[in-house]
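With the hints as extra help, turn the sequences into a complete structure.
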Amino acid sequence: MVIAAPRTTPQAPITDITALRADFPGLRQQIHGWPLAYLDSAASSQVPQAVLDAFVAQQAMNHANIHRGVHELSERATRAYENARVKVQKFLNAAEPEEIIFTRGTTESINLVAASLGGAVLRPGDEVLISWMEHHSNIVPWQLICARTGARLVPTPITNSGELDVDAFDRLLNERTKIVALAHVSNALGTVNPVKELAAKAHAAGALVLIDGAQAVAHRRVDVRDIDCDFYAFSGHKMYAPTGIGALYARRRVLETLPPYQGGGEMILSVTFEETTYNALPHKFEAGTPNITGAVALGAAIDYLSRVDSGAIARHEADLLSYATARLAEIEGTRVIGTARHKGGVVSFVLEGIHAHDVGTILNQHGVAVRTGHHCAMPVMQRFNVPATARASFGVYTNRVDIDQLIHGLHKAREIFA
Amino acid sequence: MNELRELYREVILDHNREPRNFGELAEADHVVEGVNPLCGDKMTLYVKLRGGIIEDVRFKGSGCAISVASSSLMTERVKGRPIAATLDLVAEVHEMLTGRADEPGENMEKLAALAGVREFPSRVKCASLAWHALKAALTGADKRVSTE
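Going down the list, the sequences are from chains A and B. Position one of the first sequence corresponds to residue 1 (my numbering), numbered consecutively onward. Position one of the second sequence corresponds to residue 1 (my numbering), numbered consecutively onward.
Honestly, the hints are just simulated from the structure, not real lab data. Here a beta-carbon is modelled for each residue, glycine too, at the ideal position from N, C-alpha and C. Some clues are possibly wrong.
To be verified - Ranges between beta-carbon positions, derived for each pair:
{"no.": "1", "chain 1": "B", "residue 1": "L49", "chain 2": "A", "residue 2": "K201", "range": "55 to 63 Å"}
{"no.": "2", "chain 1": "A", "residue 1": "E330", "chain 2": "B", "residue 2": "N2", "range": "20 to 28 Å"}
{"no.": "3", "chain 1": "A", "residue 1": "D170", "chain 2": "B", "residue 2": "E6", "range": "50 to 58 Å"}
{"no.": "4", "chain 1": "B", "residue 1": "G80", "chain 2": "A", "residue 2": "I31", "range": "42 to 50 Å"}
{"no.": "5", "chain 1": "A", "residue 1": "D170", "chain 2": "B", "residue 2": "L49", "range": "53 to 61 Å"}
{"no.": "6", "chain 1": "A", "residue 1": "H63", "chain 2": "B", "residue 2": "G140", "range": "23 to 31 Å"}
Unchecked claim - Which bits of chain B does chain A cover? Going by a derived footprint, with three or more residues having C-beta under 8 Å, they are:
{"no.": "7", "region": "7-14"}
{"no.": "8", "region": "55-65"}
{"no.": "9", "region": "118-127"}
Right under this line is the structure:
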């Protein structure tokens with residue numbers, strides 16, 4: 001019998017990205033007789049076996065509530081959950097784990113900040129500065145709090161290539177701007193925003209800064225102290241973890257001033273009918289029993305990503321982006337929406353004479369999964385005067401064969417609509 | 001590919017390329033806006049009634065081939081028809097699109113081409129949007145209908 005030695009020595013970072021595809025059981029299936037070409041990672045990325053294993057192990061053996069019971073399972077669950085928090089902290093290079101709040105995802109993270117911070121600081125006439133390329137998750141929570149407080153939501157325009165208009169940003173930023181909330185990477189256009197530079201300008205104007213990192217964390221190294229933002233929101237399911245878990249980074253000195261978001265268990269120290277004393281950070285912002293298993297799985301996804309050289313991921317996605325962009329140009333009447341100089345692994349496009357929804361159905365019949373529609377970014381669709389686009393987006397497992405299959409499907413769409 | 005040909009039959013492609021009764025109707029007495037928030041389909045239906053008859057019907061908007069063809073085929077079919085019979089037709093079309101009926105009945109005529117959506121659950125709403133709007137127009141219900 002051969003017993004494998006325990007892997008105690010740190011492994012060298014993985015630079016051969018192509019080997020990672022085998023880690024994803026979800027990709028080993030056929031759709032309508034075709035191998036699955038999964039090009040919808042910007043919506044939800046597939047989950048590697050290591051994350052699935054961590055999920056099952058936690059749920060099977062450590063299922064208990066946290067920070068309560070004195071029994072073994074509760075202690076294990078608490079350790080696993082808090083350990084996941086430390087993983088998120090290190091992943092984002094936050095200063096301390098107390099600055100990490102587990103949420104259901106980016107949307108809940110932004111809602112927390114909008115309700116808690118917005119409710120505390122916004123006064124009539126104040127402004128919240130966003131951009132035209134935001135996901136609805138980074139528009140609607142601000143609209144809601146602006147309506148409640150009498151503040152004004154101001155969108156920064158974007159250029160024809162889908163870049164944030166920095167000159168306009170400079171003009172719109174003023175002493176009434178209390179909060180600046182921007183996407184790190186646009187989900188509909190792929191544009192990478194210069195968030196560090198924009199955060200510095202916002203701070204100079206006296207505003208606090210939230211970055212929506214939903215499309216960034218799986219694709220580039222994120223350092224919240226380097227960006228110097230006050231809040232950074234992201235979701236697990238776009239970075240190889242399950243749905244229903246995400247996190248919010250919040251700078252301690254800002255977080256300490258904020259009122260709680262939701263009330264309930266976990267977030268309190270003592271309750272009488274007259275008064276409640278809130279728990280310490282970060283528990284004050286985690287009312288109710290959290291998604292413990294999800295957090296542990298998110299931690300496992302961070303471990304998975306941390307094994308891979310982040311430069312290799314970036315090069316892999318840049319290669320796919322240029323390959324996909326070049327091959328799309330082969331198809332008559334294709335227009336790529338979003339041609340920023342600095343783009344992530346997202347290519348949004350329209351086919352003249354064929355609605356994106358029809359493109360999506362035809363591609364699906366050829367085993368290709370893309371997102372079609374407005375991508376929860378209706379202002380972007382208005383800006384480019386299209387009702388909808390088809391969007392192909394990449395993950396670590398994506399390869400050129402997936403893109404070839406996409407191109408084949410698009411040729412078929414052209415044939416059907418000839 | 002066969003299922004796709006079944007969905008995108010020639011009559012669907014034809015009505016998508018050249019939608020009939022397309023445009024505004026200035027003298028309409030019922031105007032209903034239909035939206036399919038899932039895919040961004042948007043259509044406005046204009047209906048002019050006289051003596052229990054749909055005297056004229058037009059539509060405008062943007063959408064996928066299925067939603068445009070369904071709107072176009074619908075206007076062609078119901079123009080000049082009595083309201084009561086048209087409401088029965090709306091119910092029959094709904095049955096056909098959602099697969100509750102077996103093969104489309106003969107009275108479906110050209111509308112039978114829309115039956116292909118039954119194999120594509122995410123596309124049923126595209127085909128039914130126009131019919132929801134028509135029902136709202138004829139029953140004087142909401143001025144805005146949504147498939148969601």
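Verification of the hints:
The hinted range of 55 to 63 Å is satisfied by L49 (chain B) and K201 (chain A), whose Cβ atoms lie roughly 59 Å apart. Our hint of 20 to 28 Å for E330 (chain A) and N2 (chain B) holds, since their Cβ atoms are close to 26 Å apart. A hinted range of 50 to 58 Å holds for the C-beta pair D170 (chain A) and E6 (chain B), which are about 55 Å apart. Here the CB-CB span from G80 (chain B) to I31 (chain A) is close to 45 Å, well matched to the stated 42 to 50 Å.
Distance hint check for D170 (chain A) and L49 (chain B): the Cβ-Cβ separation is about 56 Å, which falls inside the suggested range of 53 to 61 Å. Checked against the hint of 23 to 31 Å, the C-beta distance between H63 (chain A) and G140 (chain B) comes to roughly 55 Å, which is inconsistent with it. Here's how the region 7-14 of chain B fares: 3 of its residues keep a CB closer than 8 Å to some CB of chain A, so the rule of at least three is met and the hint holds. With 4 residues bearing a CB less than 8 Å from a CB of chain A, the region 55-65 of chain B meets the requirement of three and the coverage assertion stands.
Three residues within the 8 Å Cβ limit are the bar, and the region 118-127 of chain B against chain A gives 4, so the coverage statement holds.
Checked against the numbered hints above, the structure breaks only hint 6 and satisfies the rest.
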